[in-house]
Amino acid sequence: MTTTTQPAGTSTRPSATVPRAAAPGRRAARALLYIVLVIGVVAMLYPLVWLLSASLKPADEIFGSAGLLPDTWNVANYENGWISADGSTFGRPLLNSILVSLGAVTGNILACSLAAFAFARLEFPFKRTAFALMMVTVMLPAQVTIIPQYILFNNLGWVDTYLPLVLPKFFAVDAFFIFLMVQFIRGIPRDLDDAAALDGCSPGGIYLKVILPLLRPALVTTAIFTFLWTYNDFFSQLIYISKAQLYTVPLALRQFIDGTGQSDYGPMFAMSVLSLLPTLVLFLIFQRLIVDGISTSGMKG
Amino acid sequence: MLSGLPSRTSTTEGTPKATSRRRPQGKWALLFLSPWIVGLLVFTAGPLIASLYLSFTDYDLLSSPQWIGSGNYTRMLTGDPVWRQSVVVTAVYVAVAVPLQLAFALLLATVLNRGIKGMTIWRALYYLPSLFGSSIAIAILWRQIFGAEGLLNNVLGMIGIESTTSWIGDPHWSLGTLILLRVWEFGSPMIIFLAGLRQIPAELYESASLDGAGAVRRFFSITLPMLTPIVFFNLILQVINAFQVFGSAFIIGGGHGGPGNSMLVYTLYLYQAAFNDFQMGYAAAMAWFLLVVIGAVTAVNFWLSRYWVHYSDE
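Residue numbers (the numbering used here), protein chains in the order written: chain A, 1 to 301; chain B, 1001 to 1314.
Please keep in mind that the hints were generated in silico from the structure rather than gathered at the bench.
Take these hints with a grain of salt, some might be off.
[Said to hold, decoys possible] Quick list of in silico lysine-lysine cross-link-like pairs, DSS-like style, CA-CA up to 30 Å: (1) A:K127 - A:K209; (2) A:K209 - B:K1027; (3) B:K1027 - A:K127.
With these hints in hand, go ahead and build the complete structure from the sequences.
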């Protein structure tokens, strides 16, 4: 718990202005602040760490123990959870989920960037009305469209396929990302468009050669959040997918709960931990973009 | 036909190259917008209207919809105690969870903004629950933690409080566990608050310090008023989100609404009506009621915001 009076780089506004005389009390307050932060983090993360440790415990240790260190470490839970009763592995739902999520990512990047380019750079009739409509759909709760959508996909015979989960993304239904990209494109200097136009570029060429390359940060943000949301989406996967071969991670995990005794908790926790790994890896790689994505979209809309 | 709207960049209107470029864009715009237009019609606007129509019918997916007028709404508002229960559960959930979540988010953001060493690491650690919170894995974990032999009772046992309560099995506590899960995920609003705190000009604090204002005083007379637009934004966003809670309630409540329907949140009941009982018309009426309530609550929030949200540039 070493405290410091040095400014910690980027964001030490208020502390820098405090008069010297207050230093000793200030140091105590600082120390207290760090202690509170540590206690807070321990309390917040305890369930997660406990989940990890429970996944490595034999069944009889999971219940009746709040400790983090198993008496005997074993990976049996992972072996038992990985292979299910019908001989398939947990790799299948993991792969299915990643496949569906990547499909959704592709759709959102393509369709939303196209629409965003039109809203940010082209002039056309009823532009304001169309933009307002788009913003309204951002706020629309999914429940109000899900039933007719289900009826539609059911009539098309697409229930128990991934089409209902992926196809709508190719039609820019996640309008939130259109808005995100419009905001980003507005920050790209128009001079670049003008220069390209003078060189004979059509709007299509400007989109491909000027905007799309510069839009990359917004595209990556869109990709990350689409992946996270699709990967964790439970409602639509629950209603559209009922075949075991097509199960995604949330559905496969739910299978574990149905009719399990205490002995199955270990494998269930082990697979729960596995299911969180893609999200964690994504966060570790793209932490800055994720944080920026939350704060900027937060600030603007 | 091609440029029905006045061009926003009116200064470049006069130059010939600008107008010649802007002119043929109608067709290009249509091309670029066509996926979105199709999506809007087929997946959003169409279903929105279709669900309004269905809400006035009796429809079980097998036979064609039967028009029953306002029957679904009458049944919902006057004859369905389970629906009323789901409304109460959801109202309590939103009204308790969102303010608590935002309070924690604001508290942590304020602390992390005080020049803490390793701020990005602290921020990441406090954000982790938000990252994982909506996953089924965490809902499963929650079931164990608050079960009769779960982690919470073990921790209580360690500090000398013997408890065999199943917090999830007890209707007095079960909704509380759901609320706790939402509060635990305060990371996203915290990050938004942190970004907002950075925008507050340092001079404000400097002059307040010179005037002898303490930390608490500075928080209430500078930080909080300056941050009200962000508080408002987070409030709108989290209220809309909280109204639509589903996955955690589904898993923790064991696929139904938990003991005595104490965890029967609105969307869970809607799901049951539509996909367990195949009462598509009734479920559509519920969905439209939800839309109207979310719209009304958001509108009231906007109206109330005039009295407490402070915009510095006005």
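Status of each hint after checking the structure:
Our distance criterion of 30 Å between C-alpha atoms is met by K127 (chain A) and K209 (chain A), whose separation comes to about 24 Å. The straight-line distance between the Cα atoms of K209 (chain A) and K1027 (chain B) is roughly 19 Å, inside the 30 Å bound, and the hint therefore holds. Only pairs whose Cα atoms come within 30 Å are accepted, and K1027 (chain B) paired with K127 (chain A) is accepted, the gap being roughly 13 Å.
The structure is consistent with each of the numbered hints, conforming to all of them.
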